[in-house]
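Novice: Dock chain B against chain A, hints included.
Chains A and B supply the protein sequences, listed in that same order.
Under my numbering, the letters of the first sequence match residues 614 to 961, in that order.
Under my numbering, the letters of the second sequence match residues 614 to 961, in that order.
If you are wondering where the hints come from, they were derived from the structure by calculation, not from laboratory data.
Computed from a predicted structure; not experimentally measured.
Treat the hints with care, since some could be wrong.
Any copy, or any two copies together, can satisfy a pair, since identical chains are not distinguished.
[To be verified] Listed below are the simulated DMTMM-like cross-link pairs for lysine to aspartate or glutamate, each with C-alpha atoms no more than 20 Å apart in a straight line:
id	residue 1	residue 2
1	Lys869	Asp842
2	Lys643	Asp924
3	Lys817	Glu959
4	Lys869	Asp900
Protein chains: 2
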Amino acid sequence: MLDKVKISIDVMGGDNSPYKTLEGLNLFAKRNQNINDYIFYLFGDETIINQKLSNFKYLENNYKIFDTKIVVSNELSAMSSIKKGKNSSMWKAIQSQIDLAADVTLSAGNTGVLLVMSKMILKTLQNVDKPALAGLWPNENNMNIVLDLGANVECSEKNLIDFSEMGSALFKSLFPNEKAKLSLLNIGSEEIKGTGILKSTYAKLKQLDQFGDFEFCGYIEGNHITKGDVNVIVTDGFTGNIALKTAEGTADFLTKNLKKALSENLFSKLSAVFSYFSLKRFKDRLDPRKYNGAIFLGLTGPVVKSHGGTDGLGFSYSVELCYKIAKGKLMDKIKSNLSHTQNLDEKI
Amino acid sequence: MLDKVKISIDVMGGDNSPYKTLEGLNLFAKRNQNINDYIFYLFGDETIINQKLSNFKYLENNYKIFDTKIVVSNELSAMSSIKKGKNSSMWKAIQSQIDLAADVTLSAGNTGVLLVMSKMILKTLQNVDKPALAGLWPNENNMNIVLDLGANVECSEKNLIDFSEMGSALFKSLFPNEKAKLSLLNIGSEEIKGTGILKSTYAKLKQLDQFGDFEFCGYIEGNHITKGDVNVIVTDGFTGNIALKTAEGTADFLTKNLKKALSENLFSKLSAVFSYFSLKRFKDRLDPRKYNGAIFLGLTGPVVKSHGGTDGLGFSYSVELCYKIAKGKLMDKIKSNLSHTQNLDEKI
Chain A
614 MLDKVKISID
624 VMGGDNSPYK
634 TLEGLNLFAK
644 RNQNINDYIF
654 YLFGDETIIN
664 QKLSNFKYLE
674 NNYKIFDTKI
684 VVSNELSAMS
694 SIKKGKNSSM
704 WKAIQSQIDL
714 AADVTLSAGN
724 TGVLLVMSKM
734 ILKTLQNVDK
744 PALAGLWPNE
754 NNMNIVLDLG
764 ANVECSEKNL
774 IDFSEMGSAL
784 FKSLFPNEKA
794 KLSLLNIGSE
804 EIKGTGILKS
814 TYAKLKQLDQ
824 FGDFEFCGYI
834 EGNHITKGDV
844 NVIVTDGFTG
854 NIALKTAEGT
864 ADFLTKNLKK
874 ALSENLFSKL
884 SAVFSYFSLK
894 RFKDRLDPRK
904 YNGAIFLGLT
914 GPVVKSHGGT
924 DGLGFSYSVE
934 LCYKIAKGKL
944 MDKIKSNLSH
954 TQNLDEKI
Chain B
614 MLDKVKISID
624 VMGGDNSPYK
634 TLEGLNLFAK
644 RNQNINDYIF
654 YLFGDETIIN
664 QKLSNFKYLE
674 NNYKIFDTKI
684 VVSNELSAMS
694 SIKKGKNSSM
704 WKAIQSQIDL
714 AADVTLSAGN
724 TGVLLVMSKM
734 ILKTLQNVDK
744 PALAGLWPNE
754 NNMNIVLDLG
764 ANVECSEKNL
774 IDFSEMGSAL
784 FKSLFPNEKA
794 KLSLLNIGSE
804 EIKGTGILKS
814 TYAKLKQLDQ
824 FGDFEFCGYI
834 EGNHITKGDV
844 NVIVTDGFTG
854 NIALKTAEGT
864 ADFLTKNLKK
874 ALSENLFSKL
884 SAVFSYFSLK
894 RFKDRLDPRK
904 YNGAIFLGLT
914 GPVVKSHGGT
924 DGLGFSYSVE
934 LCYKIAKGKL
944 MDKIKSNLSH
954 TQNLDEKI
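Extracted from the complex, chain A is given alone in its bound form:
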C-alpha cells in the first residue's frame, strides 16, 4: 500500500459525541497500530476534541483536526440543517472527499440529513438513478449485505439491478476471499412468484450472472435471510426497512423474554449465574455493535452511517468498515460491476 487510507469522521454526530466517536477511533487504533496505514481526518470542535483526547492514548500521530463549530442537530429537518449546515462537521467531513481526497466519510449523525448532504456534495454515479442504503446482517456462516434498507420506498427494475451490482461489489471489498451469492427477497422461491418488477429483475440477473460479479441464486423468503447460503440480498427500501426492523424487534423481544425467564425466581437466578459464560458468548457472537454501520452506495464516494445510539465499541466497528471499504477498493469494484449492466443493455 503506497498511500495511507484517509478516513474522514464527523466526530460530533450521534449520542455522547465526541467522547463516543473518539473512543471508537481509539479502539480501532488499538486494534490496528500501524500508523503508516491510515489517517483520521477529524471534523468537529477542536477545543472540545482536544479536551477529550487525553483519554485516548492510541490517538497520536494518526489524526488531523479540522475545526468546525457547527453541529447538525437531530431535531432539525434535512432542509433546515442544510441551510445552515455548510459549515457543519457533517458537511465538511463529506466535502473532504473532494477537497482532501479522503477515501470515505463516517458519521453517527441524522440519517436523512447525511443522505441529502452526501447526494448534494458527492453526486450520484453516472448511470445510477438512485443511491441505496446497504447494511450488514449476520447469517449462519458469516455476514450478508442487505439493500436497500430504506433510502428508496419504490424501486424499478433498473434500481434493483444497480443495487445487485453495487451490493456484490461491497461484499467483495469486505470479504475478498468469498464469492458473492445474490438473491432477491420475495414471498416464495418459485420463479413465478412476486411482483412484475421482481420477475423482470429476476430475468435480467440471470443474464448478468455470466460476468462473474455474483452468482445469482434466485429468490429467497424472509426466513432464509440468516441461513448463510446466499450473502447479498436485494429488495426495495420499503421491504428492506420493514424486514430489518422486524428482525431487530424480534431479537429484542426474545432477549427480553429470555432475561425475564432467567430472573423469575431464586432458582432461575441461580441458573443464570451458572449459564453466565455461555450466555455471554451467545451475546458476544450476535452483538449488533459488531456489524454497526450502513453504507450509502451509488454516490461518487462511499459514506458510512454509524448507529447514532451505539457506544465507542460499536463506533469502532464502523471505523473498521470504512477502513475495509477503502482497502477493498469499493469504488473501483462498483464501477467495474456497473459497466457490465451497460454492456448487457448495449447487447440487447
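Specialist: Relative to chain A, chain B alone:
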C-alpha cells in the same frame, strides 16, 4: 348458547394426518369437556379415522364423520387439485358451511388450494374486493392480529381499509374484553412517511376511528410489532409475508445460536442443566404452536389454515381458534364493521 358451535375439519390435510389432526381435536376436547357446547364435523377416510379413534378417549359423542376418500395432495397445483378435488376432504369441509350450516372450517392442507377452494365455494363478501390472510403474532402484552400475510401481493387503499375493519373484528371476537388498537406498518412513524396508498389509507382510518371499531394509532415500524401498545397491524400481503418470515427466521437463528452456546463445552452443558426450567418456561411462553392458525377473512364464512407441519398440540390451538371465532360471532362483527366504511363513503 342455544346452538352448538359446528366446526368442520379436513382431517386428512397436513403432515401425519389424520393422526395429528385427531390428536389435536382430542386435546381440545380434553380442555373443553362440555359436549353440549360444540360438535366436530370430520371430513376424511372413515375407515382410517375409525382405526385411529381408539387412541383418543375425549373424542366421543362430539363428532360426526363424513366419509371422503380423496385428499388434496401438497404436490398438486391449485388448479389440478380443484379439478379432481370436489370430492376431497378439503372441499367438503368448506362446502359444509353451506350444506350443514357449519360455523367455521379448519384445514392443515395446502394453503394455495385452500384459498382458491374457499373463494370458489364461499365467495367473497359483498363490497370486499380481496380476502386477506390474518395471523396471530405475540407481543409483550398479549397477541397481535397481523394481516395481510401473503394473499395479496399488491393492495389498494380500499383493500387496506377492508383489512383494518376485518382485522379489528377478528381481534374483538378473540379478545372481547380488549380494545382493538390499529396501526399501519410503515418505514417511519411520522405522518409524511411511506407510499401514496399508505398516506391516503392513513387519512381514511383517522375518519373511521369515530365508529369505535378500533382506535387508530397511526403508523408503526417493524421493530414495534412486538411492543404491545397496538394489536391490529395492517399491511399489504408482500410486506406482511416478508415481515412474518423474517421474524420466524430471526427467532430460529437466535434459538439455534443459544443452543449452540449452551452445548459448547462441559461447563456450558452443565449450565444448561441448571437453566433447564427457566429455558423451558421461556420456550413454553413463546411456543409458536400456541398461536398456530391463519384466518382467511373476507369470505362469507371463516376458514382457518393450520400450519401443515405442526403437531397435535399445535393443531389443538387452531381448533381453539375456530371455536373462539364462532363463539365470538366473527362474521357478524365483520359485517357490522364493514358497514361503517360504506357509511363513510356515502357521507363523502
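Novice: Could you run down the list of hints and mark each one as holding or not?
Specialist: Checked hints:
1. Lys869 / Asp842: between (29 Å within a copy, 16 Å between copies)
2. Lys643 / Asp924: Answer is within: at 16 Å inside a copy they meet the 20 Å cutoff, but 53 Å across does not.
3. Lys817 / Glu959: Close inside one copy (13 Å), not across copies (47 Å); limit 20 Å.
4. Lys869 / Asp900: Answer is both; intra-copy 15 Å and inter-copy 15 Å each pass.
Checked against the numbered hints given earlier, the structure satisfies every one of them.
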